[in-house]
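Q: One letter stands for each residue in the lines below.
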Amino acid sequence: MADVSDAQVQSSGAAALEMGRLASKKSRSLWSDAWHQFRKHTLAVGGVVVLTLLIVATLLGPIVWPENMKTIDFSKSTLGVSLSHPMGTDDLGRDLFARVLWGGRISLAVGVTAMLVAILFGTLIGALSGFFGGFTDSALMRLTDMFISLPTLPLLLLAMYLFRDSLIGKFGQTLGPFLLLVFLIGITNWMPVARLVRASFLSLKEKEFIEAANCIGANRSSIIFKHMLPNAMGPVIVAATLAVGSAIISESTLSFLGLGFPPDVPTWGQLLNTSINFMEIAPHMVIFPALMIFLAVLSINYVGDGLRDALDPRKTTG
Amino acid sequence: MGRYIIRRLVTAIPTLIAISMVIFAILALAPGDPLSDLALNPSVPPEVRQRIRESMGLDDPIPVRYARWASSMFQLDFGYSFRTRGPVIDLLKQRLPTTLYISGSAFLLAILIAIPIGVLSAVRQYSVFDNVATTLAFIGFSLPTFATGLLFILLFTIKLGWLPSIYRSTLDTEGLAGVWERIRQAIMPVTVLAMFQAAALMRFVRASMLENIHQDYVRTARAKGLAERNVIGKHALRNALIPVITIIALSLPGVITGAVVTEQIFKVPGMGALLITAIQNNDTPVVMAITFMFSILVVFFNLVADVIYGVLDPRIKYS
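Just so you know, the sequences run in chain order A and B. Numbered per this note's numbering, the first sequence spans residues 1 to 318. Numbered per this note's numbering, the second sequence spans residues 1001 to 1319.
Derived from the structure by calculation, the hints contain no laboratory data. A portion of the hints provided could be inaccurate.
Quick list of simulated restraints, FRET-style, between CB atoms [what the hints assert, rightly or not]:
1) B:Y1217 x A:C215: 42 to 48 Å
2) A:S203 x B:E1181: 57 to 63 Å
3) A:N277 x B:N1131: 35 to 41 Å
4) A:L143 x B:E1181: 33 to 39 Å
Yeah, the Cβ is synthetic: ideal placement off N, Cα and C, and Gly gets one too.
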């Protein structure tokens, strides 16, 4: 032991130094890696900025903006764009900007909540299916296939029409349709998530680290929630982002067709529904709500695209 | 192959039954009453209303009602409309051609736009063309059809006055002028529907093409000295189109149900517009029939997609 040569000491010293340099350079986790990749996607970063602006505006706007979205004044009916009404006024002389801000709050809330319902349900079904396999798996996948085969839009219309009024009676003008829409959009959009989670679980189940977790006696729930779920989350996050966009489109489609929120509750789709009859005299009533839907969905899609690139391990660069 | 198709057909039957149960359950659970209009009519006493209910079997237990309903549904006997008093099947026959014409042309247009652009975009990845095309595609499917539809009317009907915003099935202009009228009024509904589909499809074609272009067999084709046109058109494209065709078949029902919105905007007298009117009129038999027809279409095209995939891709095994 005593006659360790100088060269050996030196070389191990150099190796230690090298290791130290690498460690201090950057210890990157999966998430910082993803963030690094995400920042390179200019349009996705732009999407985050636009989306943040929209969220802040719809949350703070109705408090800060002086005009009331409910004051009816026929002398101001269908006014064009001006300083006091940056988006003009509607057929009843109400300030459109105030209504667009308030409507954005509802549209975005529906989008996010419906996404959460879809993700929760999809993850649950997918995780159960992938983890247990066998009969559970085939039964749940049959269920998924059946839901995929449902004609979504006609069923949404049908269910909205049949149940909306009784829910408005129970929970009020805003909350009633909100709960129904969130439930319906969630229940018709969980299938892709379930398939993604199932696929990830099937491949994760065979991995060595799960075997290791089994060996040290980890119980089922800790294996599912601590070991498998975090590793299956990448594609789910992407799907979740895109689901917000499609939920916003679903809500505004239904409201546009007159089967979403009632006329007293302004959402972007509802505003467009009212605008049809005034298109010739008040084009701004069409343009601004349509622009808001477009901006929101486009930026969400770009964020989803950026996340897809960022969370795809094949694309990560050193 | 034949056995595979039969097996897929057999698995489609429980799906159809399950869907019909869902539709029926939604209607059975709903708080509305098909005879609520009669309740408001003072000349119809409650006893008469009760007798009508009994004669229609509305108070029977749900499984009995379902069995009766399903057996007539699968025989395409959809009953009579509460509004027009005529058979529902006649209404459907009247409306279906318009819907198929509009969504069919939109679909064709979407394919004709999406495939060449998608292929070119993939072949020249990261070029100016690719960037413009992918950006436009992104914008295209971020704009819902009702927003594009309204903006189109604003631009082409109100501002420029080029195209009519209302689709009329009762045009009586004769000759060539009549044909032109018919085409002109279909331009906007078809384009709006096609744009949305083309955007999604183009991204898919591009992705599928990109996956194939870098594979060994394409390099081999180049290495043996084939012209670039043949390498792309004959080797890469054929393989890239296999998943694309499946997606096309799968998205067809979406185009038809998506027509609900376009038909509503442009007042096209098709199935979608009929569905909306029927819902507004509480016309349950018509609503059920249309929803059921849409479900059959979805199941049918799922089946078609599976079979096509099997025929086109010899790597799929049917054991």
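Q: Of all the hints given earlier, name the ones this structure violates by number, lowest first.
A: Hint 4 is the one this structure does not satisfy, whereas the remaining hints hold.
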